[in-house]
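Residue-level listing of the chains:
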Amino acid sequence: MTAAIAARDLTRRFGAFTAVDRVSFEVERGEIFGYLGANGAGKSTTIRMLIGLVAPSGGSARVAGHDVATAREAVKSSIGYMSQKFSLYLDLPVMENLAFFGAAYGLEGKALRTRAGELLERVGLAGSEGQTTGELPGGLRQRLALASALMHAPPVVFLDEPTAGVDPVARRAFWDLIRELAAAGTTVFVTTHYLDEAEYCRRIGLMVDGRLVALDTPAALKRTWVPERVVVARGRGLGAGERALRAAPGVRAVAPFGAALHVRVDPAALDAAGVAAVLARAGATDVHAEEAAPSLEDVFLAAVGADGKERA
Amino acid sequence: MSGPAERSAGARLRRSLVRIGAMASKEAIHVRRDPRTLALALVMPVVMLFLFGYGVSVDLEHLPISVADLDRSEASRALARTLGASGELDVVSSAGADEAQALFRRGLAVAALVVPEGYAKDLASGRRTPVQLLVDGADALVANQLVAKVEAIVRAETRRIAGLEAARAAPPVQVKVWTLYNPEARSAVFMVPGLSAWLLAITAVMLTALAIAGEWERGSMEQLFATPVGRFEIIAGKLLPYLVLGLVTFQLVLAFGMVAFDLPVRGSLVLVAVLGLVFLAAMLGQGLLVSVLAKNQLVATQAGALSAMLPAIILSGMIFPVENMPRPLQVLASIVPAKYLVHGLRGVLLKGNGIEVVWKDLLGMGLFAAAVLGIATLRFKRRIA
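Chains as they are written, first to last, in the working numbering: chain A, 1 to 312; chain B, 1 to 385.
Bound-form chain A, shown alone:
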């Protein structure tokens, strides 16, 4: 069997603007494939091309063996899709949402009810059949949305920012579901901008301005994109120290991250203690610096070119 999703030079232009620029990748069956990028980087447009909502301006793609340009109906029958805005009918009871999407995919009668019951059980909503969907908390609503995308047992599932606006505990539970799904052989294509979630993906594609700039496992991405050590420095008055650090030898990049500074250093020239010393000299107090394993955030920042050195 060929790859579950295969895109070759996939391109979409809107007028003069190129939303997706010659993107190529393959996703294997049963893989969780994370698709990362800033807002407007072309993630959603890529998904919309893959599920047959938007016609590609160039290139080609096959999903579950069907060409997205010529066999749209076959593609639609073999995928599940959870859109970004999603999209349950909040005024309908839980069961009616499942029943509607099931019937939309051609399920009827007993098969439909059996499948709905099975999925409700799996996403932890058994017993809530009659509840109005809008009354469910956000996390449960997302699970119901996933369940309705799975009614027809599609071999490939596209999840466009499925956990946006959901609390961390519910997000964790949702990802457990995704991993179970993949373990059972379903291919999952997921976009997110929670980088901690991306660690759950087997491979990650990184989109910047419509182009796929990186594609690998999380570990390999970190090795490739962040060869230096990352020192995380906390303390008071870091603002002045930031400028001093940029001028210090051995510093590759400085990026503020929350209350802390992420400092990429050449391990041969500078270590955590050195960074702390520079900051203290610049007037920062209570400085605490330690080396951290590079995170996907560092990869993301490096790839987007959002950190100081590369922009300058």
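No lab work stands behind these hints, which were simulated from the structure alone.
A couple of the hints might just be wrong.
Derived DEER-like restraints, expressed as beta-carbon distance ranges [what the hints assert, rightly or not]: (1) 33/B with 8/A: 43 to 51 Å; (2) 32/B with 113/A: 14 to 22 Å; (3) 16/A with 326/B: 47 to 55 Å; (4) 371/B with 138/A: 38 to 46 Å; (5) 258/B with 14/A: 43 to 51 Å; (6) 34/B with 16/A: 48 to 56 Å; (7) 219/A with 375/B: 27 to 35 Å; (8) 130/A with 258/B: 34 to 42 Å; (9) 138/A with 38/B: 27 to 35 Å; (10) 12/B with 85/A: 25 to 33 Å; (11) 138/A with 36/B: 40 to 48 Å; (12) 227/A with 296/B: 27 to 35 Å; (13) 306/B with 84/A: 47 to 55 Å.
To give a feel for the contact side, a few chain A residues facing chain B, derived at Cβ under 7 Å [stated by the list, open to error]: (14) 77; (15) 85; (16) 229.
Even glycine gets a Cβ: it sits at the ideal position worked out from N, Cα and C.
Go by the hints and put chain B onto chain A.
Just chain B, lined up with the frame of chain A:
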């Protein structure tokens, strides 16, 4: 997934029907669970019909008319009595012409009649007698009826007295007006078909416009497009429940008209239902077109209400006869489905017309329905991809 058996046309049609059924039953649940939709569809039309049936009455009833009797003769008093006797006018006596006019100006009387001095004498001697009638022309409908009414009474009374007093042998020419179909000239009977067109137009257009714009607004339209449900299936499934709801509304309005306003049914009820059905198809199509073009509920509501209401009131012939309109408006009216429904309904209900007359109205509405549904479906397809 799809074996050769499943690819057969029959299987495809069956699956398509399942999907349309899924859309329709989902939509029906939306309606059932939303009290506002049901109120809009079922309660509002009846309330409106009630208000309009009684309120927008062009029947004269107890309209105050001030009469200045300057003659103070038996003949002039008899004229005032006759005016008041019909129940349509209430006579308010005034001392003189000035007072009568003042009452009229202050709005305490809708008309003022001045009977000049020497009225009885002139009548007796067969001379022409100028009787002055002032009418508030602001309400043209009432004014016209009023003038006609007072003129008729004055003329009849004059003739009676002149005939009596002069005891002439030659019988006065008698003009007898026969009012056909609506002999009491009750405006409710005339209005109910018009009102039902108007009410159906509003509810049908608004409901569909809201239902489809809502799907865009919620973002679920994209979700629908990602399923195998086709564009046509979405439209058909969406419209079906509203078609049924619209038919219920229609029956309700007619039933209410029969009970409250003694609306007669002289023709076939089946034909009435067919007229309603075709009209509804046209209105649902119009609502669909509005929502395809509008995309959010607010714009859809505004555009839907205006595009449904104005033609149904102004161009349908519900209040203003189409035949009296300037040529360009008549042409415009010939597109409006409400015009055909009003015409067809009046024909079937009041005159007992059959299909041999009504087919033209059905055709008019049918063409409109086909045109808007066609354009809307095409536009709908082009919206994505």
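Against the structure, the hints:
1. 33/B with 8/A: 43 to 51 Å: With Cβ atoms ~46 Å apart, the hint holds.
2. 32/B with 113/A: 14 to 22 Å: 20 Å, holds
3. 16/A with 326/B: 47 to 55 Å: 49 Å, holds
4. 371/B with 138/A: 38 to 46 Å: The hinted range 38 to 46 Å holds for residue 371/B and residue 138/A, with Cβ atoms some 45 Å apart.
5. 258/B with 14/A: 43 to 51 Å: Violated - the Cβ-Cβ distance for residue 258/B and residue 14/A, about 58 Å, lies outside 43 to 51 Å.
6. 34/B with 16/A: 48 to 56 Å: Between residue 34/B and residue 16/A, where Cβ atoms are some 44 Å apart, the hint is violated.
7. 219/A with 375/B: 27 to 35 Å: 56 Å, violated
8. 130/A with 258/B: 34 to 42 Å: 40 Å, holds
9. 138/A with 38/B: 27 to 35 Å: The hint (27 to 35 Å, Cβ to Cβ) holds, given that residue 138/A and residue 38/B are roughly 29 Å apart.
10. 12/B with 85/A: 25 to 33 Å: 31 Å, holds
11. 138/A with 36/B: 40 to 48 Å: 25 Å, violated
12. 227/A with 296/B: 27 to 35 Å: 50 Å, violated
13. 306/B with 84/A: 47 to 55 Å: 34 Å, violated
14. 77: 5 Å, holds
15. 85: 3 Å, holds
16. 229: 44 Å, violated
Hint check: violations occur at hints 5, 6, 7, 11, 12, 13, 16; the rest are consistent with the structure.
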